[in-house]
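Visitor: Chain by chain, the residues:
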Amino acid sequence: MKNVSFDPKFYLSQRNIGKFPAQVIKASDMSSTAAINIAHLGVHYRTQEALRDVNCIVKPGKLTGIFGPNGAGKSTLMKAMLGLVPVSSGTVLCQGKPLMQQLEKVAYVPQRSQIDWTYPATVWDVVMMGRVKKTGWLRSFSAVSRQVAKNAIERVGMIEYCDRPIGQLSGGQQQRVFLARALTQQAEIFCFDEPLVGIDQKTQSVVFEVFHELAADQKIVLVVNHDLGESIAHFDDLILLNRELIATGSRQQVLTEENLNLAYGGKVMYFSDAA
Amino acid sequence: MLQALIEPLQYGFMQRSLVIAILVGMLCAVVGSYLMVQRLALLGDAISHSVLPGLAIAFMVGANIYIGAFIAGVLSTMAIAWIRVRSPIKEDAAMGIVFSAFFALGITLITVIQKDNKIDLNHFLFGNILGVTIDEVRDTAIIATIVLIVVVLLYKELLFYTFDPLGAQAAGLPVNRLNFGLMVLIALTIVASMKAVGVILVLSLLITPGATAYLLVKRLNQVMILGAVIGVISSISGMYLSYFYNLPSGPAIVLVVSGFFLLALLFSPKHGIFTYRKEQSKSAVVTIYDTEK
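These protein sequences, in sequence, are chains A and B. Residue numbers for the first sequence follow our numbering, beginning at 1 and rising by one. Residue numbers for the second sequence follow our numbering, beginning at 1001 and rising by one.
Only chain A is shown next, with the shape it has when bound in the complex:
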């Protein structure tokens, strides 16, 4: 178990907020991607309630983090939004239509641990998967698709690894390959499930650079993260969960001592005692 002792004042102090410059939001671009509207979303796994009555808005042009303790339903919220797990109640709308009917707008990157990395595929094979839907049935990849994929691989600094089997990459490199695949999808809505787990410093800086670029480009960037370390200062908006919504809004609004106690409260005490 990791150390979860946490000082909200660090993140709220003026000095540290200024550490990572906020994105310059161009008002003229605001119409390009609509916000996602989550209303009364609930999920049951068999008899167990995983999420109850979640209401929030995910805005374009912001880097939005889904935070909460282990088992809080962070990944479940992301999967439920995309229709990857059955939803027991509520709606997830984008431009008035269910999001799961517009998945061509979405790039989703699952947790690295859910993937079989011994699969016989190269970096190039995996990144090209991002073009499958756009290419369509019975067609082969176009020159444009290849160029888009190549640019994405270059962006994450993996071009010299193109022919490498994915099983021979480090964890951070595997995560960058998935980031490249998401970029290759040229989506409006980017969803990343725990992209910061077990990655090196170089990958972390590439990942956040790309996230900020996407947000600056008025995309929706939604990231599941359980780590309350310094990286939290990268996020503009937060969704704080523990089986239900604890708080949502800008980072400054959400990171109050009261909210964090509600989300992590008892557990923080328990783990500090155990350590």
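Derived by calculation from the structure, the hints in this document are not laboratory data.
Here are the simulated lysine-lysine pairs, DSSO-like style, with alpha carbons at most 27 Å apart:
(1) K105(A) <-> K59(A)
(2) K1218(B) <-> K134(A)
(3) K150(A) <-> K105(A)
(4) K1156(B) <-> K1218(B)
(5) K150(A) <-> K202(A)
(6) K1156(B) <-> K134(A)
(7) K59(A) <-> K97(A)
(8) K1270(B) <-> K1218(B)
(9) K1156(B) <-> K105(A)
(10) K150(A) <-> K134(A)
(11) K150(A) <-> K1156(B)
(12) K1270(B) <-> K1156(B)
(13) K150(A) <-> K1218(B)
Model the placement of chain B on the given structure of chain A, informed by the hints.
Guide: Frame of chain A; chain B shown alone:
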């Protein structure tokens, strides 16, 4: 030497069985690669055992036994999925339950009908490749052509789905239909192979060539092509061994392909038992280099 290889070909039954062996060796390796990469080898075993009752019932009602077998194979995958979704029973347990129940029903039905008819349970269990008719060669060729064309046409979608089902679903691919299509391809392959090696040993032709190729090459299409080559070579050599030494054909083919696997396991340049340590130390160096960056 050459004379010895040509000699068996003067017999019509040997020509037909060699054609079947080549078709089945190729088809099983390609389709079986999907089972291997999805860690669904047991599913191949389950479907192959489950085709028996469909075959028996089709024989009873006078329908085409291959269509009956195909339907039973697809039904078994649906039964497995249904148990897994509707109960807390895990997938491997569901497979074990369904395939043994189907298999038991099949053996019972065939035992009952073989008293009055010229139908031999052993031919379905272990294959009867020397007894194939020209019609069966034609049917197998048609199935093989259809399945291979579908695999080529859906290659990129099936690659995405089998590697990352959630990612494929989130990208808007119809994953349930892709999965069902894959099950249909596997059931068709098993039905086409039944005559050659029988339902018990078909798993070997589905899994072993692909697994052997997997130890040697790094991309799925390469696994399929090299696997097909290994499957075809094994089928031909198995048939000749069977002809010259009077061995049962299906088991002879399986023993040859297993031999190839053993060779790859021991001597593969990347993953071989005897070469593995060298590779390990190389990757350790790469890791250190990465952290320094």
